[in-house]
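Visitor: As given, the protein sequences belong to chains A and B, one line each in that order.
Residue numbering for the first sequence follows the working numbering, beginning at 86 and increasing consecutively.
Residue numbering for the second sequence follows the working numbering, beginning at 86 and increasing consecutively.
Mixed in with the good hints there might be a few duds.
Identical copies go unnamed one by one, so any copy, or any two together, can satisfy a pair.
[What the hints assert, rightly or not] Below, in silico cross-link-like pairs of lysine-lysine (BS3-like), each with a Cα-Cα straight-line distance of 30 Å or less: (1) Lys224 x Lys139; (2) Lys139 x Lys286; (3) Lys272 x Lys286.
Calculated from the structure, these hints are not laboratory results.
There are 2 protein chains.
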Amino acid sequence: MNKKKSNYSEYALFHLAVDSIIFGFDEGELKLLIHKRKFEPFMGDWSLFGGFLKEEESLSDAANRILFELTGLQKIYMEELQTYGDIERDPAGRVLSVAYYALIPAHRYSEDYSKQYGATWVSLKELPDLIMDHNDMVKSALRRLRRRTASQPIGFELLPREFTIPQLQSLYEAIYQTELDKRNFRKKILSMGVLVKLEEKDMSGSRKGAFLYRFDKRKYERLIEKGYNFTI
Amino acid sequence: MNKKKSNYSEYALFHLAVDSIIFGFDEGELKLLIHKRKFEPFMGDWSLFGGFLKEEESLSDAANRILFELTGLQKIYMEELQTYGDIERDPAGRVLSVAYYALIPAHRYSEDYSKQYGATWVSLKELPDLIMDHNDMVKSALRRLRRRTASQPIGFELLPREFTIPQLQSLYEAIYQTELDKRNFRKKILSMGVLVKLEEKDMSGSRKGAFLYRFDKRKYERLIEKGYNFTI
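Excised from the complex, chain A in its bound form:
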């Protein structure tokens, strides 16, 4: 290992963790991927997925590595949330944690990983007590996700490639934890101009069926750049 002598030896040193708030959308609900911690302290308690930053690893590499190890998924939408640095946050030692939130399509998450890591999808409505400040991290991630949903299109990362407007509506309802008016939602979402209507219908939800849509990726990305206002 190519260790460099540091000029900063007079300054304090800290452990750094990366914790991931992994949101998925499944069965009309926004869910969170958690597991029971495998080491002390708090062994057996519900926890976010995390890991320690390694010596020769950048922070973003660590975030991607940890997500990949736990889910087998790559090129996942991830955004840094904030760094948690209270002195007493971990009773076993001073560790600062950089929290990332990730959006993954729940249908792409394999059951194998779930078994291997004891990962469990829990509904945000029934979130158990998590260790340390992990509940705060989830709250903060949910606020960020809502703010992002208010100013940018969302769904690309959470929905299958083809989806119906009722499915998209239930994603928005899950994020905001509230019911939305059907006609209003359809009007607003179509006025964004990022949806492409397909020929086929999804017949599973009703007898009449519902047209399938996909996102126009270029317009979607332009709208992320530009921003807009989605008020519920």
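Take the given structure of chain A and dock chain B to it, following the hints.
Guide: Same frame as chain A, now just chain B:
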């Protein structure tokens, strides 16, 4: 010092710095407070203001301490931006830096501090090369500030208590680095419903003068909560 034994001794340790992107608004321009670094490496080069996290200090305390030491200002609007964690970012040793951006009313920044710390306000239009990844931090902070401006009212932290609409417009123009139409801006900004018109006029800008306004703090904060869309 009340040092605890850590359970995590097998994991790597890192230095942590806090760097502040300090924006001020002065003479119709958005400015940045920088200084010439006083220690190696990069001694004498332009740098953001920063410092190292101490053993018995939370991250947010460190951010506030560093800002206070350098400006004498407290209760400043500060927001965590992101944590910079590339391996090679600092040639003198592995240091991760948590970047915060702060908005301070330039008129409240005392000349004394400026002399003591060699602090200089530079226009964002004439930003020199800064050390390490500090230029990236400024770019990222400016993007965040623009995004925030697009979805929340802004100005409370950067303007004096009483200001004119042309002053507010020049703040928006400085943030977006573009000229805005006078009538449109007035219409949009008044429609936000957060400005309170005062009796007095500011006579310095024109013969007719311009009415002074202040923010309605409660409505301002409600609008921050709710969000809206300001498109230029």
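Visitor: Each hint needs a verdict: does it hold in this structure or not?
Guide: How the hints compare with the structure:
1. In this assembly of identical chains, the alpha carbons of Lys224 and Lys139 lie at most 30 Å apart whether taken from the same copy (27 Å) or from different copies (28 Å).
2. When the C-alpha separation of Lys139 and Lys286 is checked against a cutoff of 30 Å, the pair qualifies neither within a copy, at 49 Å, nor between copies, at 60 Å.
3. In the homo-oligomer, the alpha carbons of Lys272 and Lys286 lie at most 30 Å apart inside one protomer (19 Å), although the nearest pairing across protomers, at 45 Å, exceeds that limit.
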